[in-house]
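Undergrad: Convert by adding 1204 to the 1-based position in the sequence shown; the result is the number in our numbering.
Simulated from the structure, these hints should not be mistaken for laboratory data.
Predicted model only: the values in this text are computed from it and were never measured.
Mixed in with the good hints there might be a few duds.
[Stated by the list, open to error] In silico PhoX-like pairs for lysine-lysine, Cα to Cα no more than 25 Å straight-line:
(1) K1596 x K1373
(2) K1549 x K1373
(3) K1596 x K1435
(4) K1437 x K1403
(5) K1403 x K1596
(6) K1403 x K1603
(7) K1596 x K1549
(8) K1403 x K1265
(9) K1437 x K1596
[To be verified] Here are the in silico distance ranges between beta carbons for each label pair:
(10) P1351 x E1572: 53 to 61 Å
(11) R1301 x P1740: 54 to 62 Å
(12) R1704 x R1462: 34 to 42 Å
(13) R1513 x R1711: 25 to 33 Å
(14) E1261 x P1351: 50 to 58 Å
(15) H1433 x V1381: 19 to 27 Å
(16) G1642 x A1275: 38 to 46 Å
(17) R1737 x L1583: 16 to 24 Å
(18) D1284 x P1327: 14 to 22 Å
(19) E1635 x V1557: 30 to 38 Å
(20) G1357 x S1250: 40 to 48 Å
Glycine is no exception: its CB is placed at the ideal position from the N, C-alpha and C atoms.
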Amino acid sequence: MSRRSEAANGASVVRPANAARGDFGGLTGMRETKDLLLAVDQGTQSVRAMLFDLSGEPVAKSQVHITPYYARHPGWAEQDCDYYWANLCHATRELWRAHPDLRSRVAAMAVTTQRAVVVLLGPDREPLRPAIVWLDQRRTPHHLPLPMWLEAGLRLTRQRRTVHFVQSKAECNWLAVDEPEVWRRTRHFLFLSGWFNLKLTGRICDAVGSQVGYVPFDARRENWARPWHFKWKLVTLRREMLPDLVPCGRSMGQITARAAEETGIPEGLPVYAAAADKACEVLAAGAWTPDVAVLGYGTTATINTCNDRYVEPIPFIPPFPAAAPGRFNSEIMVQRGYWMVNWFKEQFAAREVIEAERQGVAPERLFERMLEATPSGNLGLMLQPFWNPGVKVPGPEAKGAMIGFGGVHDRAHMYRAIIEGIAYALREAAERLERRNGVPIRRLRVTGGGSQSDAIMQITADVFGLPAERPHTWEASGLGAAINAAVGAGFYPDHATAQRHMSRPGRLFEPRLDATRLYDRLFREVYVKMYPRLAPLYRAIRRITDYPHFD
């Protein structure tokens, strides 16, 4: 039995009558039933094309690993725009090749991407230069002059350094200085999500939930800042260069004939707005209130709480738009996060890489042995994971550090120090979020590649002293996109309902009392004191070596 439901853009899809129960097993053989959702997840290290059913279960997946970026100079991080698109097409074509019978069952799609990847387009809507990846460290010392009233206000609120840092880091500002001819020809300033939507639908628009970066976005209003807002004074952008914004779960267009030919996605398939990858993870993890924190163990490690009110995670630093309308994610990040696992693999784990290749498994599978062979607390070897500078906490002088070496420590202890150090940093961030939200965190949901490790999940529960659980699928960002497609296509009336039916907890890890006591002492007596005491030395290092150079 089925009934018709009109999608937001007028496209008709078949909606199972039992959609509210999430019970679709009996519909598998019905050819005319469109009961699957396509989610494309373009991460930093791979692109995945996935199909989910209406209960949030993964049905099929195609994954293509990519080169995250290339660097023509130290500190640069770029990737060709067409390279991103070609690999998205490769992923979707492989999905249909492996599962040709599922293609006709797709009702709608949504896209989620890594955040703050900048694409510049000329008048012909073609890229003018490679995309600027979020890991790029370029800055400019040439700040736009600010009105006297604004400078005075920044001094009064002690935000002058923060604003000047944002000005120096904003891609539009250093491009205007370093690449003036390219900037003069720029007509459209997009994030990667907007570039994909242009390629898929022919429309220049982007999702509200994807606006994470150095752009004049008003998080309270979930739209571009009003013309008189001071944010326009900080950047060289003009409103006409930015895309129209579409709320989560609303129509962004339909797959064009050309996109259908290149991707294999059915022509005319409706495309709905989702959000950036971290926001989609929070939605898929089932976090709707601030007593549940979502840890994202990806290339960037993050902690998020979701609110129905505007809560700045750090004073004067706005929350990000959530993957559901009218909600906000208060987020604190460790920028290099689980990228450090790759760093460790490249620099110190040649033995495990060779052995993993021989066994036909991922090297991370062998890293589990390192965690099993080392004790909680790591015999005092501790890491501060600030491989990238920050804005306020940590500040622009921040660097990484490892302290407590002794003769007993080896590579395994170094690896454990990375895992524990990320958890310490996120616990410190969690305590800040609790103060800002006025609500204690009672439960952790953990997403991303790092969440696949049972040992890492147990360390997380022990460091925080809280129950930690995975979502039912570790493809959380893709599931968050699929939830938005389900709402847009009319399978569920709103995001809250879709989340309840498509997301649920997976395995639970309870904290171990002895380990939690040990970690608590190391956290309070050592970790939280590391950055304040090392920050003056970091500033001296930067002053002496001029690395990183951005003043």
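Undergrad: For each hint, tell me whether it holds in the structure or not.
TA: For each hint, the structure was consulted:
1. K1596 x K1373: holds (13 Å)
2. K1549 x K1373: Violated, at about 29 Å.
3. K1596 x K1435: Status holds; Cα separation ~18 Å.
4. K1437 x K1403: violated (31 Å)
5. K1403 x K1596: violated (37 Å)
6. K1403 x K1603: Roughly 39 Å separates the two Cα atoms, so the pair is violated.
7. K1596 x K1549: violated (30 Å)
8. K1403 x K1265: Holds. K1403 to K1265 sits at ~21 Å (cutoff 25 Å).
9. K1437 x K1596: holds (21 Å)
10. P1351 x E1572: 53 to 61 Å: About 56 Å separates the Cβ atoms of P1351 and E1572, which means 53 to 61 Å holds.
11. R1301 x P1740: 54 to 62 Å: At roughly 57 Å between Cβ atoms, P1740 and R1301 fall inside 54 to 62 Å, so the hint holds.
12. R1704 x R1462: 34 to 42 Å: Distance hint for R1704, R1462 holds at roughly 38 Å.
13. R1513 x R1711: 25 to 33 Å: Check passed, 32 Å falls within 25 to 33 Å.
14. E1261 x P1351: 50 to 58 Å: The hinted range 50 to 58 Å holds for E1261 and P1351, with Cβ atoms some 55 Å apart.
15. H1433 x V1381: 19 to 27 Å: This hint holds: roughly 23 Å between Cβ atoms.
16. G1642 x A1275: 38 to 46 Å: With a Cβ separation near 43 Å, G1642 and A1275 satisfy 38 to 46 Å, so the hint holds.
17. R1737 x L1583: 16 to 24 Å: For R1737 and L1583 the Cβ distance comes to about 21 Å; the hint holds.
18. D1284 x P1327: 14 to 22 Å: holds (20 Å)
19. E1635 x V1557: 30 to 38 Å: holds (37 Å)
20. G1357 x S1250: 40 to 48 Å: Because 44 Å falls inside the window, the suggested range holds.
Against the hints set out earlier in the document, violations occur for numbers 2, 4, 5, 6, 7.
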